[in-house]
Each structure stands twice: as C-alpha cells, then as structure tokens.
Amino acid sequence: NGTAPYSYSIDGTTFQTSGTFTALPAGSYTFTLKDANGCTVTQNVSITQPSQLKGNITAVNTSCKNTSDGKIIVEVTGGTLPYSYVWNNDPTLNTNTLEKIVSGTYQITVTDALGCFIKLEGIVYGTNCIPLPVDDVFTGTEDIPVSGSVGLNDLDSDGDPLTYTIITQPANGTIIFNTDGSFIFTPASGWNGSTSFEYEVCDPQGLCTKATATITIVPVNHPPIAIDDRFTIPQGETLNERVYVNDSDPDNDMLAFTQVTQPKYGKLTFNSDGTFVYVPNSDYNGNDEFIYTACDPSGACDEAKVTLSIRPFVVVNLTPAFQKVAEGNKVSVTAVLTMPLNVDFEITLGYSGDALEGKDYKLFEQYVTLKFPAGKTTATGFIVIGSLIDNVKEKEEHVLISITGVNSTEVRIGTGADVTILDVYPPAKEISGTDENPAIKPDPLFSPNGDGQGNDYFVIKNITDFPDNEVIIFNRWGNEVYRVKGYDNANRSFAGSANTGILLNIHKDLPEGVYFYVIYTIDAEKIKRLNKGYLILKR
Numbered sequence: 003n004g005t006a007p008y009s010y011s012i013d014g015t016t017f018q019t020s021g022t023f024t025a026l027p028a029g030s031y032t033f034t035l036k037d038a039n040g041c042t043v044t045q046n047v048s049i050t051q052p053s054q055l056k057g058n059i060t061a062v063n064t065s066c067k068n069t070s071d072g073k074i075i076v077e078v079t080g081g082t083l084p085y086s087y088v089w090n091n092d093p094t095l096n097t098n099t100l101e102k103i104v105s106g107t108y109q110i111t112v113t114d115a116l117g118c119f120i121k122l123e124g125i126v127y128g129t130n131c132i133p134l135p136v137d138d139v140f141t142g143t144e145d146i147p148v149s150g151s152v153g154l155n156d157l158d159s160d161g162d163p164l165t166y167t168i169i170t171q172p173a174n175g176t177i178i179f180n181t182d183g184s185f186i187f188t189p190a191s192g193w194n195g196s197t198s199f200e201y202e203v204c205d206p207q208g209l210c211t212k213a214t215a216t217i218t219i220v221p222v223n224h225p226p227i228a229i230d231d232r233f234t235i236p237q238g239e240t241l242n243e244r245v246y247v248n249d250s251d252p253d254n255d256m257l258a259f260t261q262v263t264q265p266k267y268g269k270l271t272f273n274s275d276g277t278f279v280y281v282p283n284s285d286y287n288g289n290d291e292f293i294y295t296a297c298d299p300s301g302a303c304d305e306a307k308v309t310l311s312i313r314p315f316v317v318v319n320l321t322p323a324f325q326k327v328a329e330g331n332k333v334s335v336t337a338v339l340t341m342p343l344n345v346d347f348e349i350t351l352g353y354s355g356d357a358l359e360g361k362d363y364k365l366f367e368q369y370v371t372l373k374f375p376a377g378k379t380t381a382t383g384f385i386v387i388g389s390l391i392d393n394v395k396e397k398e399e400h401v402l403i404s405i406t407g408v409n410s411t412e413v414r415i416g417t418g419a420d421v422t423i424l425d426v427y428p429p430a431k432e433i434s435g436t437d438e439n440p441a442i443k444p445d446p447l448f449s450p451n452g453d454g455q456g457n458d459y460f461v462i463k464n465i466t467d468f469p470d471n472e473v474i475i476f477n478r479w480g481n482e483v484y485r486v487k488g489y490d491n492a493n494r495s496f497a498g499s500a501n502t503g504i505l506l507n508i509h510k511d512l513p514e515g516v517y518f519y520v521i522y523t524i525d526a527e528k529i530k531r532l533n534k535g536y537l538i539l540k541r
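In terms of the working numbering, the sequence shown opens at residue 3 and continues consecutively.
A few of these clues could be false.
[What the hints assert, rightly or not] Pairwise CB distance ranges, derived in the manner of DEER restraints:
1. SER250 <-> ARG478: 43 to 53 Å
2. GLY454 <-> LYS364: 43 to 53 Å
3. LYS269 <-> LYS510: 27 to 37 Å
4. ALA323 <-> ASN501: 15 to 25 Å
5. ASN501 <-> LYS397: 50 to 60 Å
6. GLN51 <-> GLY208: 54 to 64 Å
7. LYS364 <-> LYS269: 14 to 24 Å
8. ASP145 <-> VAL338: 51 to 61 Å
9. LYS56 <-> GLY29: 52 to 62 Å
10. THR176 <-> VAL262: 33 to 43 Å
11. ALA323 <-> ASP470: 30 to 40 Å
12. ARG478 <-> VAL338: 55 to 65 Å
13. LYS510 <-> ALA323: 16 to 26 Å
No lab work stands behind these hints, which were simulated from the structure alone. Positions of the beta carbon are idealized from the N, C-alpha and C atoms, including for glycine.
All chains should be modelled from the sequences, with the hints used to inform the complete structure.
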C-alpha cells in the first residue's frame, strides 16, 4: 500500500504531487507512482486523439439574384461528436444546413465536443433572371390623350432597372413612348375603339421579353348639327316640308326635333320627326321664321332657324302686248316676270287669231316654250313672227299669242300678245331679171374703232342717190339688230351698234363677226329694189 505522501511522474524524472496531467499530446506514456519511502510502481499508458476536424461546404445558388431560395450544406468529419454550428456569428443558427437564403457569402464555425473548431466560408451566387412584363390594358376617352406606363405591372426578380422599347406602333393615333415605359397616346380626332402596340423590356444584362399594351378609347357623345333652313312659298298656299334634310349627327344617332318659337305670320304644325306644315296668313307676303332644336338620345341638342319667304303671286306676261307689222316684215315677242324666282321654269305658248300660220305668217326661234333662269325676269328666248306677203288685198289680221302652261306653282299666267298684220297692197311691181339695184355698192368691210384706218361705219356707195331707202342688219342667227330709213353714210349709218332687237341691249356695241344686210331702194321708175349680202365687223 505504500506510505503517503505520494508523487507522480509521466516521464520517470519529474514528479508532481497531483496525479492529473493535462494538455498531453497523443502518445505512449509510462506513469510512475512513488510513496514517501521511495517505493515506486509504474504503469504504461497510451493517449489517443480523434482524426482532424474537417468540413466541406456545398452551396446551391438562388434562382434569381434577389430570391430567397439559396441553400448551404456543411458536411463535417473528424473531431469529437457532437458538433456545434455558428453561422455568421449567430449562435442561434446551430445547424449544418441553411435554407431559403439569399445570395451572398456565409461564414460558419464548427466546434466539436472537445472544443476543437474549424472556420469555413461558402458563397451562394444569384442567377440573373429574365424580366417578366405583364400585358397592359388602358382606357381613355375620345379626343383626349391617354397617358400611362407599361412598367407599373412588370416584374424583374433581380430588381434590375429596366429599359423599355416600343416594337409596333398603335393604329388610329400617335404615341410618344419613353425608355422608362411611360407613354402618351393621342387618338385620331373623332376615333373610338381599341388599338394596341407591342413593347420590349430589357435588363442591364441584355435579357429581354415582349408584352402587349391595349388601349380602348371610349366614345363620347357628339351633339347634333342643325343647319338653318330657307323655304319659299307662294302667298296663300300651304307648305309641307322637312327641316332634317340638312341636319346630321356625328354619331348617327336618331334625332328628335322640337319647335322652340312660333312664326308670327302664319300657323305652324311641327312634328318630332322634323316634318312640318306651315300656312301663311292669307293677306301676308314677306318673311317669317321659327326656331327648332334637334336633340340626340343623350340630350345633346343644337338649334337652327327656319326662314320662310312668302312671295306675292308672280305673274308672267308676254311683251310687247300689242304690235303691228307690215307684210314682209318681222316682229319679236318675249316674256317677262313681275319679279324673279329662285328656280328655273318655263312657259308653254299657244297661237290663235284670224291670221293663218303658213299663209299669213311664219314662226321662228323658240315659239313652243320660253325658259326663265333662276333670278331673271326676262325669258332667255323669244318668238319671231314673220308676216308673209300674199299679194291679196285684205283687212288687218291678228296673231294672238297666249301662255297655255307654266311648270311652276309660284307663277300665275298673265297677259298674252296681239300682233296685227298690216296688209300691203297693191304689191310691188314685178321685177324681170335681177331685183338688185346695180347703182349702189355696199363695202362689206368696216372697223368702227376710230383709228382712221378703213371704214368706221358700213359704207354704201351711191346710197344717197336713193334717199327713199331702208337698211336692215341681221346677225348670223337671223336676229334683226339694226334698222333705219334714209341711210346716208353719215348721221344715219351703221357703226356697229344695235338699235333694235330683243337679244341685245339697244345702242350697245355689237360683237365682232359676220352680219347680213338687206337694202331696199326705190329707183327712178318707182320700182322697189332689193340688195342683200354680208358684211364683216372688225374692231
């Protein structure tokens, strides 16, 4: 048993009073126990140690740079179980696996049961993800620009700043598109409906995706357009008309019409469909008016005025009412109105009397109808009555011209015309051979311009030798434009101005051209001679 106190040694040389030895490396030791009397006893002791503490980190990268789906796993070998784990100096994270983590660098300290530890580091990388745009829908109002941004609902899991580019243009309008996804779309004037455009969104790494934006333009109600109306009605008659003929609605809405004011000089029956009946006071002529509105189903309205022109009876008369014409001559008749109309119309003519057509007279020009243009009081045509020489002694005969019809309800038939044919008897002495007067020499060329060159009037040489003469000038249509007796190449001469006829203003210059002359002379034997031919008027 030995005698205390005892001393201890693990190398046989150095002894200590404690039998505990610490911080010894692994190996074989000879343990010696010695008592107070120097007696000793030995024991061989082997100290072993575990394998070196080691660790291996496996990192799983995130699906995108900023997603929390990364993972780190630490596999530890060696050392002495159990192990403890501290991640990023957080002792609460005592696990060998970190899940649902973001990208980044992670440090871990692994400690075994004996206090041995190792430090490891793992990196979780973030993957760049493609942007995720979402199709857009915008709504606007007709004729008003639409502003918005296609980027408000687009996603990028990495949180990258995105750049936008328009790919296709929208129809029915214009667009201003910015790289941040904002835009202003201006619809075409008056257009409504849906249109779309395609755009592309890209991240800084060049990953891009396309999407579509649809813009719907809601129509707005446009008010009707009512246009003022003007109607003409003969005095004392009834007018049935419509105000809607020239009215319209941009939206093609059905319109309802309402009378606003009453006319002052007649009775009005006005219907919601825009038709009306107006009866003017029987004793009134002049202008009357009333106001109406045209409204669409949404209540938008426009106002217009209806002017009613009540015209006094327009009368058409033939003129001149009375004329006399000797056998062998012509007279003209036309028609006139008491006031002009604003529409074209025509009259139909009839003939009667004791003079017989074909025997006593012949009709020329427009003898069936005469036309009146709108705004004119004189007909455009005329009737020419040529009395015929019948070599029969008889009394005066009459051609009675009457207006038998008018194709306008605004015109009343007035007076006709009475043409008296005067008998010429005894007839002129028959002429054997030529009936021309060889003594006179008409010069067919004249130029009434006062330049001193050529004739300024129609020169008939030797005409003054036959003072009992008559000169008649016709235009190329056979219309008489000049007539004079006692032609003298001076005061009584044709200088290119009309002095008769209904188609041209009397005493007005005639146009250049070819004209025809008839010259009557009485020779020394009292025989009536006739010279005829053409002349040229050149100014």
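Checked hints:
1. Distance hint for SER250 and ARG478: a CB-CB separation of about 51 Å, consistent with the stated range 43 to 53 Å.
2. Checking the proposed 43 to 53 Å range against GLY454 and LYS364 shows it holds: the Cβ atoms sit about 44 Å from each other.
3. Hint check: LYS269 to LYS510, Cβ distance near 50 Å, so the stated range 27 to 37 Å is violated.
4. Distance hint check: the CB atoms of ALA323 and ASN501 are about 22 Å apart, consistent with the given range 15 to 25 Å.
5. A hinted range of 50 to 60 Å is violated for the C-beta pair ASN501 and LYS397, which are about 31 Å apart.
6. A beta carbon spacing of about 56 Å between GLN51 and GLY208 agrees with the range 54 to 64 Å that was offered as a hint.
7. Checked against the given bound of 14 to 24 Å, the beta carbons of LYS364 and LYS269, roughly 54 Å apart, lie outside it.
8. Between ASP145 and VAL338 the C-beta distance comes to about 56 Å, which sits within the given range of 51 to 61 Å.
9. A hinted range of 52 to 62 Å is violated for the C-beta pair LYS56 and GLY29, which are about 22 Å apart.
10. Hint check: THR176 to VAL262, Cβ distance near 42 Å, so the stated range 33 to 43 Å holds.
11. The given range of 30 to 40 Å is respected by ALA323 and ASP470, whose C-beta atoms sit roughly 32 Å from each other.
12. Between ARG478 and VAL338 the beta carbon distance is about 26 Å. The supplied range of 55 to 65 Å is therefore violated.
13. Range check, LYS510 to ALA323: about 25 Å between beta-carbon atoms, so the 16 to 26 Å window is met.
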